[in-house]
Amino acid sequence: MIEFGLVLGIPFLAALLLAVCGHSRRAPEINALCSLLTLAGAALLTVRVIGQGPLVLFEDHFFVDPLNVFLIALTALVGFTTALFSRPYMRVEQEYGRVSPNRMRLYHSMFQMFMCTMLVALSTNNLGILWVAMEAATLTTVLLVALYRTPASLEAAWKYFILCGVGIAQALFGTILIYFAAERVLGSEGGALLWTQLDAVKSDLEPTVLSLAFVFLFVGYGTKTGLVPLHNWLPDAHAEGPTPISAVLSGLLLNVALYAIIRCKVLVDGALENSFASNLMMAFGLLTVVVPAFYLSRQKDIKRLFGYSSIEHMGLITFAFGMGGPVANMAGLLHMTVHSLTKSAIFFAVGHAAQMAHTQVIDDIKGLLKVSPTVGWGLMLGALAILGMPPFGVFTSEFLILTTAIKHYPWATPVLLAALGVAFAAIFGKVQAMVFGRPVIKPLPYDPAPFPVFLHLGLVLMLGLWVPPYLAEWYRQAAKFIG
Amino acid sequence: MTFTALFTQLFALFLAALLAPALTGWVNQCRAWLQNRSAPPLLMPYYTLHKLFHKEVLLAHNASSLFRAAPYIVFSCMALAAAIVPTLSTDLAFSPAADAIALVGLFSLARVFIALAGMDVGTAFGSLGARREMLIGFLAEPALLMVFFAASLISQSTSLSTIVETLGQREFTIYPSLAFSAVAFAMVALAETARIPVDNPATHLELTMIHEAMILEYSGRHLALIEWAGSLKLFTYFCLGIALFFPVGISLAGTPLSIAQAGFFMTLKLAAGGFLLALVETLSAKMRIFRAPEFLGTAFMLAVLAMLVRLLLETGP
Amino acid sequence: MSILDWILIVIIPGWLLIGIIGIVFPYRPHLIYGLLFPSGAVLGVLLAVCALSGIVAAPQTRVLSLGLPDLPFHLRLDTLSSFFLFLLGAASTGISIYAGGYFRRGKGAIPGLLCLLYHVFLVSMVCVMLTDDGYAFMIAWETMALSSFFLVTSDHRIAEIRRAGYLYLLIAHIGAVGILLSFGLMAGNAGDYTFDAMRRFPEDGIWPAVAFLLALFGFGAKAGILPLHVWLPEAHPAAPSPVSAIMSGVMLKTAIYGLLRVSFDLLHAKYWWWGLLLLLIGLATAVFGVIFSAVQTDMKRLLAYSSIENIGIILTGIGLTLIFKSFALPHLAALALTATLYHCLNHAYFKSLLFLCTGTVLHATGERNLGRLGGLMRSMPRVAWLALVGMLAAAGLPPLNGFVSEWLMLQSFLFTSGLPQGYLHMLLPVSAAAFALVAALSGFAMVKFFGIIFLGQPREENLLHAHDAGRHELLGLLWFAVGCVLLGLFPNLVIAMLDPVTRLLLGSGLREAVAANGWWLLAPISQDRASYSAATFFVSLALFIPFVFVVVRRFFHGNLDLYGNVKRVPAWDCGFPSQTARMQDTAEGFSQPIRRVFSSFLRHTRQHPSPFDTNPVYRGSVEDPFWKWLYQPIVRLVEYGTNIVAFLQHGRIAIYLLYSFITLLALLMLTNG
Amino acid sequence: MIRSILGVLPEAGQIINLCAAIMLLLGFSMLAQRRILTLINLFLLQGIVLFVSILTVALSTGQNHLLWSAIITLALKVVALPWILHRLIRRLSVKWDVETLLNIPATMLVGIMLVIVAFNVATPISELSGTVLRSTIGIALACVLLSFLMMITRSKAVPQVIAFLAMENGLFFAATSATYGMPMVVELGIALDVMIGMVIFGVFFFQIRQQFDSLDIRQMERAREE
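Chains as they are written, first to last, in my numbering: chain A, 1 to 483; chain B, 1 to 317; chain C, 1 to 673; chain D, 1 to 226.
One should not assume that every hint holds.
Stated by the list, open to error - Within a straight-line C-alpha distance of at most 20 Å, the following computed PhoX-like cross-link-like pairs (lysine-lysine) qualify: (1) A/K366 - A/K300; (2) A/K442 - A/K366; (3) A/K370 - A/K442; (4) C/K567 - B/K51; (5) C/K567 - B/K55; (6) A/K480 - A/K202.
I should point out that these hints are in silico values taken from the structure, not numbers from a laboratory.
Working from the sequences, and respecting the hints, build out all of it.
Written out as structure tokens, the structure is:
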């Protein structure tokens, strides 16, 4: 209870606090401290859930079960490291005159608010509150993406806002339809939007309504996940926002949206007793793997490049969950974990690199290894990790996904193979050109923050070689749970 | 390894080394007759060798140790090759040590060294000769190997002694595959021993020479060894042809009497062969160097055909 | 402590420790090159010894509690892996010794980083041989690719090297995905990826063939078979020479190991057409490799193409083995496999030797271009004579090691009577002819390699003052040169060592046949059919040459002084008065016959100077035709794809909304209908 | 279980059906409308209809929280948002929205097809509901789709936002009329989000106009793959 309060309460209070003093000189430290406290809360919560089983709170509106507790922990962790990273990063931005103190206040406040909304979305039991939190997450990030107020950032934010707003409206319609179906079974007082209750009666829910509802929810949350062809906002938003925001967008928000889809899929699968939702997810997953792969090679902006890469990985995860079964589900969950860790690490490195070069244009960044070995190696190893090179954890999940795919859906593998190959060629070629070669850039006024990058990469490396037993147990439980 | 085998072996080796220049002399004599020239004496090559051995060695300034070692290596290779081929008897001490494939390897070892020696001094002609020699080599070598293979398909063995024994003991039957092989072998032999139409042993015209170009820088004892090795090579090829295609009279028993008989037959066959070679050389003209690949390619094809014919038409041993 | 324990407790941690010490003290060259690399070499010897005893020991297994939740790392040391570990240990010893001297003279890369990467590379190769499940294998496999990539790009400031590294890793990665998919197919249900589960993979239906083809693709990409070879001639020249040596000598063999493991051990090699496919690909690769090797003008590229050729030869051997096995001819299969494995070992030795020699030449002269080398026999004679050994071995000449394996291979081609398949029966002699052609052509390439670099006049001024190899380098070179000679002289011992391996994969071996003839005579079938005695051969040559020398000197000149005073004169050269180094054949000139004969294979472009040019320049280059016929179309296809998808991202928000709208409507109608 | 509402307020079903019909009509007229002021007024009307329908449901079922919903709707959709919009266009001095990306008759045709699709899709659901309100889900869906279409066809920022808000109206209508209201927490949350969203929109309008000198969203096509 207290832990849970910490997890949700600290970010919220921090958001209020930073709304007042977010422009002060010590604000980045406060931000990091609050994130650390949240992380501590999340850690305690995790320990407790592992020890005592699922937790239900606030009149059933919130609950913490194996599926979401690790996502909460992951979110808190990445939130904390991002806060650490944003400390030197935002100072440099301020030094460069790209953000004013007022904007710093907005940034810090909204960052914490964003964390809060995501934690709510992850921990809520109520599909309605889930929707509300998702929408709130959109709103906060819109403000963050538009932080620089440049034409490009405004354009990106506007597209993000409109596309995700419309998308999330579809999700609301889907939620209403679920409620409509559930009310006939549970009654309007019975908590017809509470996931635990829905889960209990899912086989009694009306299949036609639920399949329609799933279409709306899928399109809605899928927009936020970045599924092709609903993905168009994503590269713009990643490229134009401050880099810490790109990191959390890629590393966390997409996960949360996908989490929402998975929650809904469990219900729909229970009601439909056919593979409708699975097929839908596999089809869109495959499309989402292939199309971004082809975008990658033409990117000139480094953050846009990794934005597309995030889309691709979301496609892979969606495909994995679409295949279903214990192995593929576990692979999907693992891939969610390692992708958010790796991708945020990459964005940390990219952020520093772009600051050193005063540009995000790939061709103008060269010789990172020489100027700053930590940033250079971070970017290189991160890119190799995200491309599925062992011994990093991304490989583990890709290994499981691909082997499952060729066992059960061999027709899909040539597509995946082509996409992975093209993606590798594109990303690696560009990253290599940035990291290697003769330097054309200068070091930063503040030391870069290597800790977040290497912490993430270290964790990813660990997951590639050894999955700790309790984590494995969680993956197994959660995978079984998704079905 | 019996004592007789060892003795026969040493005797064969000695005989080969001794007779080889005579064969060269004989071919030159026949050629002169056919071309209406007055012939040099039969023992001319021996006089030449004697002269060269007594001359002083003049070395180019930048000739390396490899250059000086090469004649000895080449000569030894050729002598060993001559020893392996069952000319007089099939009961040879060396015969298990090297089969047909190893024989080809031995030839190419010698070739590689002489080519390297040709490149060593760093003159325009030396490297030109080396490259042409290697061109001939890489075409002739597989063709020769295929000839051996066709023969070994009959005898189910690559051991030269076994091949010759099998072919020598058989009743007279016509093997079409052997006919093909024989033609291929003749072509390869012409090329390998630096004869017209591929090379001209007598020329010193810069642009046409192959073998001579490589050994331009040699003089004195080195040149003598190389010349001798060339004679040995010619001799060995003759013996090979005889052993593979006309094995009549080769001693299978290994007794002194049969060896003497074999020696007699061999001399006859060599004489006839030398005359034939002179005839061929007289009747054909030297080809352009880039016709040589076609020439040898034909030989290669014929040898492969011989194998296929063997497999298609002649089942059973 | 069992052998596997020795490897796990001493060798792997030892190498890792060396690497870590290196990275902890990154800028201490004396420590790193004087102590760490030599100790790595000692561990290499230890590995070779362990592996030798592993070949005769029973298989040993271990399970490490690392890896996936349901799939800990399975390790297994059997005879096949022992053999390849022996190869690794033996080769790495020489290379480590050499590297200690070579890197000391290098500049650019951080010594400690090199030390770490090099030893991680070695460890990953050990792990590749030891792993017994798909996942751990892939981890080791890709770690190997990654560490070697960083080694290749250690001098990453040169754009060409970056490009080479990129191409290498790209093809390696795509190949790895192929292997991964193959494992996925063979894996048991519910994600059991151990090799044990894969051995139980059903043997009929289309899936074994698919798994085999995927594995062939994956391992072929690493080995450099046609048409996946393109990275090899780029990466080998780019890498520092010890790295080229270990990549060519050992890493390519890991692909062979993988192919043997999958096709024989896991899939049981039942179908003759697998063998035919391998045979044809192998021959094509070998012919292609050797022709291109002969026309190269960069010494390391020449060797790289020669590696492609040798991989082709090895693949041909595997193909023969598969054919014989599927037609139940165990003795012939054993002969072919022995020849294959023998050639793996030989190639590791002579190619490492040659690459290391190029390294020394490169350090002494700063040149890889054959057109600017020449005459080094005089300034660096020790390296030259050692290179001569390697070159003769690579050309497949007796009595060195290359000849033995080619001899065995030809024998197995030759005694193929009784294959029930008609076409195959006809095809094998033709293949033998192609094989013979390859062997002969490799001689051409090697003569060119040695002759242009070491013989003739120096083509540049500075070559006169090139310094010979240092102590460490020489020791490393000697290790391989002696190996080449010994492997050539004692084939029976090597074959006896290979016997357990062939028994594991085929159930038959050559030990009895070989043991019947004593150590000095190699007669794998029977003495009547074929025999070769390297020792006799060598001894007779070794006796005869001095004999001739003594006779000639004794009888004709009266002295035996080895460096007897001879008169030095200007070269004769048919009496041409002016001779410069430029008048020798260049590398291009030397390979002109090959270009003529095989002009249809090669894409040769030339630029001639005009007759009035005061400073005439001639340019010619031979391009790999696969770039034009295979890779460029693929690139164009991808570009086409990117143009199509770019059209989707049009920038206009209304269009984006339209996508959502259409998606929604389409899904709604789909659900409804 | 769905409670019968006819006992409490006999005409409630008719009223709600009527409201539904008016919603659809308003949706169409917004789609066809070029003038921005009229658009806002139509939006206001939609808000009123929504309010009436929620009120009807609230009264007829006696669910108190729906009364709250109704009040929020009134405050937000009838009073606050139109007022903000009016102020905005006055401050930004945009009066006209002459351009649509697709001409009006074609838009209408597409709109009719959308309605057919929406009804068709909703048929199986409506058959389940077993009340007289069977058509409301279909109509709500049609409203959502029509607003969606309107967002696609408008080239200026303000009408696009109005379309977005109209879409929310459709959703609200579905939530209250077809299901008799979502739980209170959810509705409050939704309302809050809409409110904040509107504020952000407002901020954006000024920023966009400052940066691009116009509210024409066709200016914002720079981030693209060329």
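Going down the list of hints, with the structure as the test:
no., hint, verdict
1, A/K366 - A/K300, "holds (14 Å)"
2, A/K442 - A/K366, "holds (10 Å)"
3, A/K370 - A/K442, "holds (10 Å)"
4, C/K567 - B/K51, "holds (18 Å)"
5, C/K567 - B/K55, "holds (12 Å)"
6, A/K480 - A/K202, "holds (16 Å)"
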